[in-house]
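Place chain B on chain A using the hints.
Protein chains: 2
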Amino acid sequence: MRKYGSTSREQLTDAVFTIAGTKGLDAASIREVAAAAEVSIGAVQHHFTSKDELYAFAFEQLTARVRARMGDIDPDAPLADRLTTALSQLLPLDAEREHEARVMVSFAARAATSDTLAEIQRRTLSGIRRELEEQLAAADLPNPSTRAALLLAAVDGLALDAVSAGIYSPDDLTAALSLQVRSLVTRN
Amino acid sequence: MRKYGSTSREQLTDAVFTIAGTKGLDAASIREVAAAAEVSIGAVQHHFTSKDELYAFAFEQLTARVRARMGDIDPDAPLADRLTTALSQLLPLDAEREHEARVMVSFAARAATSDTLAEIQRRTLSGIRRELEEQLAAADLPNPSTRAALLLAAVDGLALDAVSAGIYSPDDLTAALSLQVRSLVTRN
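So the protein lines, in turn, are chains A and B. Using our numbering, read the first sequence as starting at 12 and increasing by one per residue. Using our numbering, read the second sequence as starting at 12 and increasing by one per residue.
One or more of the hints may lead you astray.
Any copy will do: because identical chains look the same in the list, a pair fits if it lies in one copy or spans two.
With a cut-off of at most 20 angstroms between alpha-carbon atoms, the simulated SDA-like pairs for lysine to any residue come out as follows [as the list claims (entries may be wrong)]: (1) Lys62 / Thr33; (2) Lys34 / Arg133; (3) Lys34 / Asp126; (4) Lys62 / Ser19; (5) Lys34 / Glu130.
In case anyone wonders, no lab produced these hints; they're calculated from the structure.
Here chain A stands alone, though its shape is the one from the complex (with noise of 0.2 angstroms):
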């Protein structure tokens, strides 16, 4: 028998997760995330009246969860250190990371044609980088907001190259990113 009531739209996030760090975001129907969930396409369809429903939350969680990690940074870190320890949140470091990374890419590229996950994506990221910005400014460091901009897109970028081509092992990436953030914490 399949489940139902016990169904959470969190359990459904998940499939659909599994789903697109696998096979691609396209491959997560209704069907195929139902059966990923081990419920009937029903349950699924009582948590979410459509695709784009279910997608833009499943995105709300993804980004919800990887901004909480980047946020837990010790405010009384060196500046240099504190950059890195939240941007590092966004490298895929570890199997888990490069799995996040996977769906994180295959949501974004959805996104380029997708208004409801192009709003997600636009809150996400202007939050990141105003964020960075902040830090940036209060450290008294020139065009605080280009600088921020940079940080984030070499993050993005370094992740969308290690899971598109499979040319960045963990420690090309952590050595990236430390040198990335030296350049743009010094006055040039």
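Only chain B this time, still in chain A's reference frame:
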């Protein structure tokens, strides 16, 4: 009557790019590509035995076009100018390159779950990175390989963030690229 003999592979890849840039790569089925190119499904199948083969050919065409533009640089210009000119080819600075960036992102996301596309992506990114590294090494900069990875990641990440979240104007992107190059051609 539908065209057949006159259909070229390039016509079909143009149709793939049009669909991928507006609706995403998953919308580029053989049926949709045939419709967009105004040819029969049989005409598409005459050139490509599968969707994977069509996507691989299209991705090769796209990366070859971008790399040709990146290679067309005055070798006597100063290092920072050469790097900026080459890397700006990867940024969505006008309507045409914004469309191209959307297509690139959708192929890169698909490469995260497709070995064939990942191999093309690996060859492309490794090639670009090696060329950047050679220029940085010729200028005696330390860690030229990490610097090259960061230059590439920054433009890939800026393009991803721009097309997925719409948070950057062409002026923002140009200012960011300029600061990234300036930061990384400095010894630090």
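Hint numbers contradicted by this structure: none
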